[in-house]
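Trainee: Protein sequence lines correspond, in order, to chains A and B. The end of the first sequence is residue 403 by the working numbering, with every number in the run present. The end of the second sequence is residue 196 by the working numbering, with every number in the run present.
Derived by calculation from the structure, the hints in this document are not laboratory data. Where hints are given, some of them may not hold.
Below 20 Å or equal to it, Euclidean Cα-Cα: the simulated SDA-like pairs (lysine to any residue) are [as the list claims (entries may be wrong)]: (1) A:Lys168 <-> A:Ala301; (2) A:Lys144 <-> B:Arg107; (3) A:Lys144 <-> B:Lys119; (4) B:Lys83 <-> B:Pro118; (5) B:Lys83 <-> A:Phe131; (6) A:Lys168 <-> B:Asp76; (7) B:Lys83 <-> A:Arg140; (8) B:Lys119 <-> B:Arg102; (9) B:Lys83 <-> A:Glu284; (10) A:Lys57 <-> B:Arg102; (11) A:Lys248 <-> A:Glu284.
Model, not experiment: these values are computed from the prediction.
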Amino acid sequence: MSEVGKRESFTIPIGPQHPALKEPEHFLISVDGEIVTDAVVRLGYAHRGIEKAVESRTWVQSLYMLERICGICSHIHAMAYCLGVEQLAGVEVPPRAQAIRVLVAELERIHSHLLWFGVSAHEAGFDTLFMYTWRDREKVMDLLEGFSGNRVNYSVNVLGGVKFDIDDAQAIAIREAVSFLEERTHHYLDVVTKDTMFLQRTRGIGVMTRSQAEVLGTVGPTARASNVYREIRVEAPYAAYDKYPVKIILDNRGDLEARFVVRLTELFESYRIILEILETLPDGDLTTRIPRRIKAGETVSRVEAPRGELFYFIKSNGSDTPERIRARTPTICNMMSVMKLLVGHQLADVPMILAGIDPCFSCNDRMVALNRGRNKEQLLTWEALRQYGIDYYKRRSD
Amino acid sequence: MHQRDNYFQNLLSRMKTWSRINSPWILHFNSGSCNGCDIEILATLTPRYDLERFGVKLQGSPRHADVLLCTGGVTRQARDRLLRIYSQMHEPKFVVAIGACALTGGVFRDCYNILGGIEEVIPVDAYIPGCPPRPEAIIDGVVKLLSSLQAPAVGESGQVSIDEIGTEVK
Chain A
6 MSEVGKRESF TIPIGPQHPA LKEPEHFLIS VDGEIVTDAV VRLGYAHRGI EKAVESRTWV
66 QSLYMLERIC GICSHIHAMA YCLGVEQLAG VEVPPRAQAI RVLVAELERI HSHLLWFGVS
126 AHEAGFDTLF MYTWRDREKV MDLLEGFSGN RVNYSVNVLG GVKFDIDDAQ AIAIREAVSF
186 LEERTHHYLD VVTKDTMFLQ RTRGIGVMTR SQAEVLGTVG PTARASNVYR EIRVEAPYAA
246 YDKYPVKIIL DNRGDLEARF VVRLTELFES YRIILEILET LPDGDLTTRI PRRIKAGETV
306 SRVEAPRGEL FYFIKSNGSD TPERIRARTP TICNMMSVMK LLVGHQLADV PMILAGIDPC
366 FSCNDRMVAL NRGRNKEQLL TWEALRQYGI DYYKRRSD
Chain B
27 MHQRDNYFQN LLSRMKTWSR INSPWILHFN SGSCNGCDIE ILATLTPRYD LERFGVKLQG
87 SPRHADVLLC TGGVTRQARD RLLRIYSQMH EPKFVVAIGA CALTGGVFRD CYNILGGIEE
147 VIPVDAYIPG CPPRPEAIID GVVKLLSSLQ APAVGESGQV SIDEIGTEVK
């Protein structure tokens, strides 16, 4: 029994294996009764050390490695990397290849958003909707498999272009699937804005104001649902997006419902772009030659992944392997906003708010160095850091 | 009397095997995968492929599960959790490694944080290769595992207790 007047706090550990999400992450949620008072996340269960591994692989091998950072948005990772390397090498990619890249990126956005929509409906306990969306998602998977041969990790990109062409039969299949999905998306938009049961789980839950969203550094649909003008496809068009302009979708409510509406409305933009690309697909080559050794230098490549801004820093020292590649993925930017938003909500809302940012932990688990509680900045030279790494693992193996 | 006991024991074990084959409950753990295999497992459970028609049900708790579906190479941080989940499952338990990474570490083999495939940590009963395996391949793997249960030897032997695996950090 606690003292009278003094509230006792209880901490609930969730994960890394938990029924809500399919990926391993550990959350410590402090509750007072049913109300969340504090939330802490422990990342890194899926940290594999990809950024280090690519330093010992060639530019081409790294492409396939980086594609496997994430199994949902694999194309966009490869695309960001290719755009960066091509920029470093000073190679101009044929317009047809760029258009196909954008086409696949939009197909991937559709499959990713539908996937997320199903999973978050499942979090809300609305399993029927989950099953329906995943049934519809198979249409996109069929298309992706149709021209690449694999459902996930389709390896459409190569350095200097794309591997697969879109022929007439595939264009017809894509048009058919898009018109089917467009009709379904209207229905889903209806569900998330009109279904009373669903609205009780989303309306007014997890509200993030515009200033909060800016301070917490959110990206992608999470930010756009709070009326933050942040969309790389609009602000800094890459690949073929300058020819196929995107309309930014914003919502000023900032709650879970807004995040559903923004993502589903974005799907209509994707459908429009796909149809437009099929109409005006430029003729020409699919690839261009790219040297085996990339000129020394460094570059930054930014693309809009389904979850938000994906950022690549690529540094070359003139050899056939990258010197340093750094990927900053959207989930790591959005993750901290969840920890803030959870406070003050019911424990039952935790999975929904977490799903609301469309978390992808395999993207998320990059190395982040935090110097908590120390105001002194610490600078390590590359040699010292390398030696530290060697010593650290020597100590561990002893 | 002795013969009658044997008869009932035999009947009981046959009933247990029958129910296990007809309704295996599965648990899914991602020990460092890229998410591709996890999504394919989920896709296998959804209407197009519908693994649930074999009585398979996705479970949240290791204590309710018969089959552990593992994806991804084992990262240093996830290793202890994988061992813990495996030890929390009831006997007889079965492990299915799904995807190239779960088999050998895949593309992530030799990454500093990857110990290797699932079999480096816990014993595996079925391997489903692919990057990621198609839902049909996952169904095929699960059905093969279930049909192998009909031979009684597999269910009872081939299980290693958690103490035998050892807990030394590689």
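Trainee: The structure should be examined with respect to each hint, and the outcome stated for every one.
Mentor: Consistency of the hints with the structure:
no. : hint                  : in the structure
1   : A:Lys168 <-> A:Ala301 : violated, 26 Å
2   : A:Lys144 <-> B:Arg107 : violated, 36 Å
3   : A:Lys144 <-> B:Lys119 : violated, 35 Å
4   : B:Lys83 <-> B:Pro118  : holds, 17 Å
5   : B:Lys83 <-> A:Phe131  : holds, 17 Å
6   : A:Lys168 <-> B:Asp76  : violated, 32 Å
7   : B:Lys83 <-> A:Arg140  : holds, 18 Å
8   : B:Lys119 <-> B:Arg102 : violated, 23 Å
9   : B:Lys83 <-> A:Glu284  : violated, 44 Å
10  : A:Lys57 <-> B:Arg102  : holds, 16 Å
11  : A:Lys248 <-> A:Glu284 : holds, 13 Å
Going down the numbered hints, you'll see the structure goes against 1, 2, 3, 6, 8, 9, while the others check out.
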